[in-house]
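Model the full assembly from the supplied sequences, consistent with the hints where possible.
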Amino acid sequence: MLKCCHIRVAESRDIKPFEEIFIWGKLEDKNEKFTRDSYIEGTEHFQQRTGLLTAPIKISAEMMNDENKFPKCVLNTTDKSIRVYREQTAATIQELPKVSVGEQLTTQQRENLEVLIQKNTQVFDYPGNSGFTTTIEHTIPTAVSDPIVCHPRRHNLGLTQKINEAVGNHVKSGHLTPSKSPWAFPIVPVLKPDKTVRLCVDYRPLNKITQNDPYPTGNLQEVLDNLSGANYFSVIDLAQGYLQVPLAKEDRPKTAFRTPTGFWEWTRMPYGLKGSPPTFSRLMQKVLGHIAPHRLALYMADISIISKTFEETVISHQCRSSSKWIFLFQDL
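Each residue of the sequence shown is one higher than the one before, starting from 1 at the first, in this note's numbering.
If you're looking for bench data, these hints aren't it; they were derived computationally from the structure.
Since the structure is predicted, the reported quantities are computational estimates derived from the model, not experimental observations.
If a hint is listed, it holds; no wrong ones were tucked in.
Derived pair list, reagent style DSS-like, types lysine-lysine, alpha-carbon separation capped at 27 Å:
(1) 119 with 58
(2) 180 with 249
(3) 58 with 33
Printed below as a string of structure tokens:
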């Protein structure tokens, strides 16, 4: 997840009439550290309150000092001196997405790609920007049945702590909410390579009474066939793709589960539901429908945009979902 934090003015000072200067800012969170290229942009509130114009700026990791101070360009367009005050919130800093670019691309192509990324930073995943789609909503159509209640499973202390951390993160992101549901299912925590927990739930009893969704989830052989004849390949990794799909309010109680810290239900489409793959495939087809089928290799949450020229690649990249990484390379 990309970091994002407010920047406050480090020292009070006066900006002379028609003066354009750099002022120093510092992170609002003193414990936060930015170790990669980032993008600084003035807040609308700061510009309205002070009357100063602020220019966005990209700073490299090498420009960040140990005190976490950052330069911010401001312009006074008035004929009066304007004072900025210490600790005044002036800007936000956001890490730029990790972009791995093939060595075959020219310098101009790399610059064009960088501009494209900066124009679309809002679609990348960072704290406070856990987005969701309004294009589709997941439902859980079930046969007439009494609510299903399953007993929770025991977990060791170390795993329980990781489960609690995962629940806390999902609650903070708006993925989970406290529940009073008559339904209940056991959690199945899955350890990821980074030692964090993927919070899965055993919905097999629920899936047995859920109606089938016949929407196709993609044919892997067709995806591979589409790669033929292409010169440029862009691979997009969605950030928690399923959790970008809202769950119908009336069906949320059906997803309820217990943890040592409480009783929860999902507000977004969770992993493990029978109808999740068809719903997600339907969403991807709607979101990426502007791209010709022979220029898109799509299989569930794995997205590859393929093209014969770099210009076609830039035109195709109109991202509308939260993403973690983009890789652009030439000649697979």
